[in-house]
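*Asks:* Using the sequences plus the hints, can you model the full thing?
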Amino acid sequence: MSLCKNALGTLLLFFCTAPALLGQSDTPILSGTVQFLGTTNAGSTFYQPVIVPVLAVPLGDHFLVEARGEIQGFIARENGTTGPYSGQFIATFDYAQLDYIANSHVTISVGRFLTPFDVYNERYNAPWIRNLQDAPILFAIGTRTSGSSNGAMVRGVAVARKKFEVNYTAYFSAATTVENLGAGRAAGGRVGIFFPDKGLEIGTSYQRFLQSGDSNASGFYLLWQPPSVPLDIRSEFAHSPSGHGYWLESAYRFARDRRNMSGIGRLQVVARMQQYFSGTPLAGDSLPTADTNRFDFGLNYYLQHDVRLNGSYGRQFSSLGNANIWEYGITYRFLFPAWPGRSR
Amino acid sequence: MKTRALTLAMVVLSGCCLASVAVPQNTSSQKPTAGARSTAQQAKEGERRFQANCGRCHNPPELISPREVKAVVQHMRVRAMLSAEDEQLILKYLAP
Numbered sequence: 001m002s003l004c005k006n007a008l009g010t011l012l013l014f015f016c017t018a019p020a021l022l023g024q025s026d027t028p029i030l031s032g033t034v035q036f037l038g039t040t041n042a043g044s045t046f047y048q049p050v051i052v053p054v055l056a057v058p059l060g061d062h063f064l065v066e067a068r069g070e071i072q073g074f075i076a077r078e079n080g081t082t083g084p085y086s087g088q089f090i091a092t093f094d095y096a097q098l099d100y101i102a103n104s105h106v107t108i109s110v111g112r113f114l115t116p117f118d119v120y121n122e123r124y125n126a127p128w129i130r131n132l133q134d135a136p137i138l139f140a141i142g143t144r145t146s147g148s149s150n151g152a153m154v155r156g157v158a159v160a161r162k163k164f165e166v167n168y169t170a171y172f173s174a175a176t177t178v179e180n181l182g183a184g185r186a187a188g189g190r191v192g193i194f195f196p197d198k199g200l201e202i203g204t205s206y207q208r209f210l211q212s213g214d215s216n217a218s219g220f221y222l223l224w225q226p227p228s229v230p231l232d233i234r235s236e237f238a239h240s241p242s243g244h245g246y247w248l249e250s251a252y253r254f255a256r257d258r259r260n261m262s263g264i265g266r267l268q269v270v271a272r273m274q275q276y277f278s279g280t281p282l283a284g285d286s287l288p289t290a291d292t293n294r295f296d297f298g299l300n301y302y303l304q305h306d307v308r309l310n311g312s313y314g315r316q317f318s319s320l321g322n323a324n325i326w327e328y329g330i331t332y333r334f335l336f337p338a339w340p341g342r343s344r
Numbered sequence: 345m346k347t348r349a350l351t352l353a354m355v356v357l358s359g360c361c362l363a364s365v366a367v368p369q370n371t372s373s374q375k376p377t378a379g380a381r382s383t384a385q386q387a388k389e390g391e392r393r394f395q396a397n398c399g400r401c402h403n404p405p406e407l408i409s410p411r412e413v414k415a416v417v418q419h420m421r422v423r424a425m426l427s428a429e430d431e432q433l434i435l436k437y438l439a440p
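Protein chains in written order, with our numbering: chain A, 1 to 344; chain B, 345 to 440.
Treat the hints as calculated values from the structure; they're not laboratory data.
Warning: the hint list may mix true and false statements.
[To be verified] Sample of chain B residues with no beta-carbon within 12 Å of chain A, all distances over it, derived:
(1) S382
(2) T383
(3) A384
(4) Q385
(5) Q386
(6) K388
(7) A428
[What the hints assert, rightly or not] In silico BS3-like pairs for lysine-lysine, Cα to Cα no more than 30 Å straight-line:
(8) B:K388 - A:K162
(9) A:K163 - A:K198
(10) A:K198 - B:K388
(11) A:K162 - A:K198
(12) B:K388 - A:K163
All values derive from a computational prediction rather than experimental measurement.
Just so it is clear, CB atoms sit at the ideal spot from N, CA and C, and this is done for glycine as well.
*Replies:* Quick look at the structure:
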C-alpha cells in the first residue's frame, strides 16, 4: 500500500513538473476555424455556422497525435424557398491519427486520416486555406465515401534536394459504417515533385476502391506559385467510372508578401473554372449525374487578427438546370496552447 | 526497506528524465557569437523555406508563441510533407 502511495506521488510529481520543462517544446495546441457562411443557390438560401477544431499533441520528437473535427449547422427554409427556417447540426471526425515520424523520409500514420487523393482534400479543404467556399465538383472522385480513411498510411519526402523534393503517400483503408466515422475499403497512393525555386508542384494519384464493385480512380494535380508574382494557381484533373473532369483556380493577392496587411494588400481576387463530364454513377460518390460546367469569381479580404471576409458569385451550367450561386461568409482562425504554461 | 529503495529508484529515474529534457536548453545557451551568427543564418534560411512551403497555402499565424511552435511545425511536417531539414529551419525561423 505504502509502495503504491509513494509510486503514485512520484509519478504525480513527474507529470506535474514535466509540462513546465517541456512547456517550451511539447505543448499541445488547439487551433482551428470558426465560420459563418451564407449561400443562395438557385434561389434557395441557407446558412452554415461551422466550427472546425484541430488538436495536435507532440509526444517527443517522433510521435504526434492529431485530430480534426467538424461541427456544422445547416439552416434553411423548410420548403426550399418558402416556409420558416429550421436547422440541424452534424458532427464529424475528419481525422484522428497517431503519427510516427520514423526518420527524415518516412512517417507512418494509423487511425482515421484524410484520404490522400490529389491534393484538395488534404491541403485545401481546411476552411481557412480554401480560396472559395465550395469544394470543386470532382472532389468526390477518389475520396468517397466520406473524404476520410480508417487504416494506415505511410508518407514522407523520399528525396530532398535543394532544387526539388519528391513526396509520396500510400495507404490502405478498411470499410467502416459507424455514423460520423464512415470510410470505404480502398487502397491507393500519390507521388508529387516540388520545385521550391519555381514554386511548382506536380503529382499524380491512384486509388483502387475495393467494395461495391471494385473501381479505379486516378488524378493529376498542378500547383504553381511563381515567386516573383503573388499569384496562386491550383488545378486538378480526376477520372473515375463515375465521370471525369478538371478544375483550374487562380488567386491573386495584392501584396507579394502574405504578411503584408496594409490597405489593398489585404485583398485577394479568385477565379475558378470547372468542367465535369458524367459517366456511370457509382453508389455513394455524390457526383453530378449530368455534364456540369461552373465558373466562380470571388473576393477575399483579410482583416487583422486572422479574420477573413469572403464573397463570391458562381454560374453553373448543366442539362439538369442552370443556376446562380452567391456565397458569402466570415472566417476566424484561432491558435492557442491546449494547456496553460509559461512562455519563453 | 524494499519500499524505500523502490521509491528512491523512481525519484532518481524521474530526475534523470527531467534532466534529459532540461540539458539541451542549457547547452544551447552556452554557445557564443559563432553559434548566434549561425542561428541567424538558419533563421533567414528558415524564412525562405517558410515562404516556399507554408506560404503556398496560408498566411503565417499573427501570434504564435515559442512554446506552440514545435507542435505547429511538427503538425505541418506531417500534413504538408515538409522534409526534416525544412522542419528544423522553419523552427529556427519561428522560434529563433
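*Asks:* Hey, K162 of chain A versus K198 of chain A, does the alpha-carbon distance stay inside 30 Å?
*Replies:* Since the Cα atoms of K162 of chain A and K198 of chain A sit roughly 12 Å apart, the hinted pair holds (cutoff 30 Å).
*Asks:* Verify that the Cβ of A428 of chain B lies farther than 12 Å from every Cβ atom of chain A, and report whether the claim holds or is violated.
*Replies:* violated (4 Å)
*Asks:* Is S382 of chain B truly not at the interface, in the sense that its beta carbon sits beyond 12 Å from all beta carbons of chain A?
*Replies:* Given a closest Cβ separation of 19 Å, the condition holds.
*Asks:* Beyond 12 Å from every Cβ of chain A: is that where the Cβ of K388 of chain B lies?
*Replies:* Given that every Cβ of chain A is farther than 12 Å from that of K388 of chain B, nearest at about 15 Å, it holds.
*Asks:* Holds or violated: K198 of chain A and K388 of chain B, Cα atoms, limit 30 Å.
*Replies:* holds (19 Å)
*Asks:* Just to be careful, I want the Cα atoms of K388 of chain B and K163 of chain A compared with a cutoff of 30 Å; is the pair within it?
*Replies:* holds (18 Å)
*Asks:* For K388 of chain B and K162 of chain A, compute the direct alpha-carbon distance and say whether it is at most 30 Å.
*Replies:* Satisfied, since the Cα-Cα distance of roughly 16 Å is no more than 30 Å.
*Asks:* Could you let me know if the closest chain A CB is still more than 12 Å away from the CB of A384 of chain B?
*Replies:* holds (18 Å)
*Asks:* Over 12 Å to the closest beta carbon of chain A is the bar; see if Q386 of chain B clears it.
*Replies:* holds (15 Å)
*Asks:* Going by Cβ atoms, does Q385 of chain B stay more than 12 Å from chain A at every point?
*Replies:* Q385 of chain B is indeed farther than 12 Å from all Cβ atoms of chain A, at 15 Å.
*Asks:* Against the 30 Å threshold, does the CA-CA distance of K163 of chain A and K198 of chain A hold or violate the hint?
*Replies:* holds (9 Å)
*Asks:* Check the non-interface label on T383 of chain B: least C-beta distance to chain A beyond 12 Å or not.
*Replies:* The assertion about T383 of chain B holds, with a minimum of 15 Å to chain A.
Violated hint for the displayed structure: number 7, the only one.
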